[in-house]
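Note that numbering that gives the first Met the number 0 gives residue 182 to position 183 of the sequence shown, counting from 1, and the numbers run on in steps of one.
Watch out, some of these pointers could steer you wrong.
[Claimed, not checked] Here are the in silico distance ranges between beta carbons for each label pair: (1) P212 <-> K191: 24 to 32 Å; (2) V190 <-> F210: 37 to 45 Å; (3) D197 <-> I112: 19 to 27 Å; (4) G25 <-> D168: 16 to 24 Å; (5) F210 <-> N106: 14 to 22 Å; (6) A226 <-> T85: 32 to 40 Å.
[Stated by the list, open to error] Below, computed lysine to any residue pairings styled on SDA-like, alpha-carbon distance capped at 20 Å: (7) K136 <-> V74; (8) K191 <-> I177; (9) K191 <-> A134.
FYI, nobody ran anything at the bench for these hints, they're computed from the structure. The beta-carbon is built from N, C-alpha and C at its ideal position, and this holds for glycine as well.
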Amino acid sequence: MKKLLQLIVITVLFSTSIYAGGFQTGTQNARAMGMGNSFVGMVPDASAIYFNPAGLTNFKGFNMVMGTTLIMPSVDFTGPTPLTTTTTTVERTFTPINFYAAYSMDNGLSFGIGVNNPYGLGSEWPETWIGKRLAQKTELRTFYVTPTIAYKVNEYFSVGGGFSYIASDVQFVQVIDIPVLAAGLPAVPNVKVNLEADGDPAIAWNLGLLFKPTDWASFGFSFRSEA
């Protein structure tokens, strides 16, 4: 029975998350990346602000982690007919950041702040791309500032939560053909439309629970609201 319990715990702790977000950057902590982002139940440092705020009670004193990731996406497109040549996206570089600082006191109370870019990528195709009328360039950028607090209820159970101030902007470039609007006015092909928008500041919140029944097993729950 004990071996079965250990197998279940290992399976839960090392299972990876599945996200439906093409613009999400899961690069919030180097150690977490090396563990498949299986950090909700065992986060050992200030990056708990992102993964599970209750995890801020896992350490004592001051803790700070920071980093960035170099992302250089590349996509090739080949059409269904032999006449369609292969097109490669324009070279782009994205450097999402992450910064987390927290302090855990002896009375069980912990607090911290995080600054990161959990969403923000893009794609850009050359002007010769056959699909430019669908989208030639798409880019999303977000900036989160998240103050967080956590409390260790007892030696087994902790709870935490925080609020995120979110700033964002988006760009969308598309090529369209303007048809004849009136007699005597010719159609205008290949008109580039550039749409840029800054989103209104948004507020979101997150909640985390941490249960640690033994020294070798811990279970975490994390929830993020929509913004």
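Hint-by-hint comparison with the structure:
1. P212 <-> K191: 24 to 32 Å: The hinted range 24 to 32 Å is violated for P212 and K191, with Cβ atoms some 60 Å apart.
2. V190 <-> F210: 37 to 45 Å: Cβ of V190 to Cβ of F210: about 58 Å, so the range 37 to 45 Å is violated.
3. D197 <-> I112: 19 to 27 Å: The hinted range 19 to 27 Å holds for D197 and I112, with Cβ atoms some 23 Å apart.
4. G25 <-> D168: 16 to 24 Å: Holds - the Cβ-Cβ distance for G25 and D168, about 21 Å, lies within 16 to 24 Å.
5. F210 <-> N106: 14 to 22 Å: Given about 20 Å between the Cβ atoms, the range holds.
6. A226 <-> T85: 32 to 40 Å: 38 Å, holds
7. K136 <-> V74: 13 Å, holds
8. K191 <-> I177: Distance ~10 Å between K191 and I177 Cα, so the pair holds.
9. K191 <-> A134: This hinted pair holds, its Cα atoms lying about 10 Å apart.
Violated hints, listed in ascending order, are 1, 2; each of the other numbered hints is respected by the structure.
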